[in-house]
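Enquirer: Given the coordinates of chain W, assemble chains B and H onto it according to the supplied hints.
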Amino acid sequence: MPENIYEIISLGARYWFAFLGLLIVWRSFSWLRKDRRAKHRRLKHLPDAGMIGEMVVLQGSDDLPEGTAIPVPRAGVLGFLRTCDVVVPVDGVAGKHIDFSFQDGKGLLLFPLRGQSCVVDDTELTHRSKTKKHPMCHGSRLEVGDAVLRLRLFAGLDTEYRPLYADEQAHHMPFQDDVTSDWQDAAYIYHQEPAPWAEQQNPWLQEDQPYYEEPVQQDSWVEQPVYPTYQQQGYRQPYRPPYQQPYQQPWPQPEEPFEPAQARQKQSRFRRRRSHEE
Amino acid sequence: MKSEKRSFRRDPGKLLSSAVKLFFFSAFLLLGLKDYAWQAFALALAVPAMISLGVNFLPRLFPADKLLLSLTNFLCALGVLVLYATNPAYAYQQALYYGVGLAAMVVCIYLVRLIKHWKIPVLLLMPVSLALLVLPLIIGRETNGARNWFYVGGISVQPSEIVKLSLLLIISYFMSRRKLLPWLIFAVGCLGLLMLQKDLGTALMYYGVTLMLFYASSNNLLLTGVGLAGGAGAAVLGYKLFAHVKRRVAIWQNPWSDYDNAGYQIVQSLMAIASGGLFGVGLGLGSPRTIPVYHTDFIFAVICEQFGLIFGLCVLLMYVAIIWRGATTAMAARTSFHGLLAMGATLMIGLQTFVIIGGVIKLIPLTGVTMPFVSYGGTSLVSSMCLVGLLQGVASLNEDDLNEDTRLAMLGSQEDMA
Amino acid sequence: MKQQRYLFKVLALIMFGMFLLLAVYGGYSIFTYGNRWFSYSRNPRVRAQKENVIAGDILDRNGVILATTVDGKRTYQPDEAARRAIVHLLGDSQGQVSNGVETFQTSYLYGFQTPLSERVDALLSGEPRRGDNVTLTIDSQLCTEITHYFSQRNPGKQGAAVVMNYKTGELAGYISLPNFDPMNITAETKADPGQPFWNRATQSVYPPGSSFKIITTASALENIPGVMEQDILCTGGLVVMNQAIRDYGNDIHNKLSLRSAFRKSCNNVYALVALTLGDEKLRKTAENFGFNDNFLFRDLVVENSTYPTEGRNQFELATTGIGQSALAATPMHMCMVAAAIANDGVMMEPRLLMNVTSAAGATRTTFQSKVYRTALSAEHAATLQSMMRDVVKSGTGTRAAVPGLTICGKTGSAESSLSGSDVTYGWFVGYIEDDALPYAVSVLVESIEDGEGGGSTAAPIAGDIFRYLQGLR
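Residue numbers (the working numbering), protein chains in the order written: chain W, 1 to 278; chain B, 1 to 418; chain H, 1 to 473.
For reference, chain W alone in the conformation it holds in the complex (with noise of 0.2 Å):
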């Protein structure tokens, strides 16, 4: 093409490169916003995404009442600043008091901060200490500073063993989420110790009692086996707050008589994820 035109094509063109470039910045920015937007909107219905699990408060302070369930992410730090992952403002917490971390297949892995420590399962744990030892499962009971914390995992995570029975192997428990009412896989599957509003929700599962009862045949000569209990099992009893409170649920009632299906639909697409117990 001879020079001359091309060179007024060419600079005819620029006007379209030009405004194509602006066009492709334009269309990026605004994709940018619409997903900020669309993740906002999805989160807003996954208040759990990214979390395992929650502590909730056995023992507190007026900052942190009891019964406050604190979402607990998958890796991160505890302390009473407000820039920590988990926030505990109670006497005796540092500021950064314990980084922590959740490992698949073990549970949820603490290590104090130097100079720092904590309790978990009756166990204390400082820096120095071996602390992949000791991670934390459902139901574990976690003291850092004056605060008693229990964590409560989300169903659907793989955590380590615990044996029930003293002369069970520990072994890896296969990952499960949906057998829920087969109550010949109920002492298998629920391996730990029920939390205490596991109490409430279960009437049948009181301290003192085996997870299923037999029936009793009073007209038998042989001796019914007796089943042994937690204390007698060598395992610790299922929480109790040590004041003699009646336990407070730590969300509000509903007031009129409860649709839990249909009413929670409502309110989001999604709701919490669930928990272990409930």
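Check each hint, because a few of them may be wrong.
[Stated by the list, open to error] For lysine-lysine, the following DSSO-like pairs were computed, each having C-alpha atoms within a straight-line distance of at most 27 Å: (1) W:K130 / B:K198; (2) H:K190 / H:K73; (3) W:K106 / W:K133; (4) B:K246 / B:K198; (5) B:K179 / W:K133; (6) W:K130 / B:K116; (7) W:K39 / H:K2; (8) B:K116 / W:K106; (9) W:K96 / H:K2; (10) H:K9 / W:K39; (11) H:K2 / W:K44; (12) W:K106 / B:K179; (13) W:K132 / B:K198; (14) H:K284 / H:K264; (15) W:K96 / B:K179; (16) B:K116 / W:K133; (17) W:K132 / H:K2; (18) B:K14 / W:K34; (19) W:K106 / W:K132; (20) H:K9 / W:K96; (21) W:K132 / B:K116.
Worth flagging that the hints you see were computed from the coordinates, not collected in a lab.
Expert: Okay, now just chains B and H, sitting in the frame of chain W:
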């Protein structure tokens, strides 16, 4: 039909990628009109095809970030375009590297998705990277005062471009585990070797990213300040000790005083940018080849000359969008390691762009680093694509996690209803 | 994690800030320096364009063609004296003179600003491309006359002279000596030790000498209340830091007011005034007048003037008050200072371009006057005007007086020892106090003889210029 059209209008991915493809189709068509070269017409079809491979096909393999893909593909193809307008021989090479870069990006995405335990790879990477950095000192060639590349089987390799990936992995791994010493030793070793190679731009980049990642993961302002002061002290010391640093700074302060020798590069670059004006001199016109090293360091000056200041600002904004996206990805990451990795890749791209564009427009002294995605050079392009690959890998993991959360939440509500 | 996420946000914002800096700096530097970089004589794009485009004509305000292209060759006025007089203003086609109109207005002259529609028309008609014609505000006849006066009054001397309209800022002309013939550049011209390519009116800075007393007076008027009513003692040898400051001819004036000190150009009094003012206030006034500013005028490139900021002490301050120390200003800038006094304290931006027309004759652009800055208040300017009137009536500048015109001015003799030997520069800055002839003038004569001053070397040339301007009326 109508709904299809509407969905097309609403899908931002298709909107963006169609604009990108249209840009390159028309640009290569225009260049083809100049001398009726069949290569230009071939590229007019091949480059949009490559972009649709990158933007529309790759997300079928894994949940990739299409915006990031579109923008990086645009910048890569822009490099091919500008190189074709200046020197077609470079453009064919660059198109090849572009394909290799896409493949490398896919590999990186898979690596980030598949590797769960990074301990062994990271421990392996440390000595390998240091050895790679030592190589150019032994068998390397010197160009533009820096001894930072060597030949392997006819291909020139610049190890500092590869090592920046492992630097990111190593810093993120150890910082997510709250260990300071291993990565500190590694980073100091890298910086020392880069100084020995006289590769100041890359050293500046490494230093900046390391410091920023350290600050983000530790929030230790005191130590960061100490690092910053140390860097500033080292810069002053370098200025006092090395003549070539002094010369660079003098050129930066007043390139016009010695425009025929020392200031020649930057003066030519400024003249090119000024000649472009707002809309440029027109694609295929002007004299971009009078700018020294127009194909690598000064490619931004060529873009500004050909397409104008407005388009140059658009390119800057595209980098800003990439950084925005990268920071969002890093903030959404579920683990500290992945967050640091994504943020590190973002910072690396951003800082490299800042260093080279700042040098070209005389905001900071000129240091020879390449412009990510756009500059000619296989190692540079591939390593930039790998950085985006790491970013994309983290983004896809985030997406997976969010999908899993959604699934579980829906499962919960379904059981409630049952 | 939460904190890390927050810090990621901070880092991203830092990166955005850096990119904003890039965009702002890039945009700013292109908008302010873009034309300078582009019109640089070594720009290969301009050189390439010169082969394809016939450069436009340059005309002066009276329609005299200063430069045109005939058969692809750039030609200037037929008269050699006229060619030589405006060569620094106009520049030459080889780009030997930096930032003349020929190079600085490249974007117009070589048709870089031609709209696309005209390009298409030109293509269809098949005519060769022509650049735009540029009309300047100068009077080329005046430039020739100034050169004539200069070489008559001070034969063989180097120097510069500037004439500008102080109401609009339009330059009526400026010259620089020695000059050369743009049609006949030889190796001899290039090797001349007098550096004929160097534009002394806008590119070289000189110590302003006593002409700086205008600014010292302005500062005194602003900062010392009742300074005009006081009497100040001149002992003839003020000693500051063991160094004496002497007057011209070692005069002793005893007690005198600021007005008569200005008239007699008394160094002792002005050194005292400067010491009373202090460095801070004097510098502020000087900066109001454009010292230490980066001159970014649209039509011409002027070297920046400096008010020294380093190594200040009492002696330096005292000598600054009389225009010595490390003060430096171009004749162009001193002309602007006189123009600011004449224009009631408002300094106009100097302009060279009147309008640009396309080759077909359509007006492309016309240019408007712009205020550069307000240097001082109208009230103080009026006081200074009357003081400058006295200088020409009965002071050091009597040789600039022209019967029938009210001339105001200030002479100056500045000493400098830059190249090893002492050199004295003669200055005259002044203006005509007449609404019909609003012209300000500054004249600089380099390396004058011992015993001479600005009043005997530069003022007569200014007088001649004023007389010529009177004839225009």
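Enquirer: Compare the structure with the hints numbered earlier in the document and write down the numbers of the violated ones, lowest to highest.
Expert: The structure conflicts with hints 1, 13, although it agrees with all the remaining ones.
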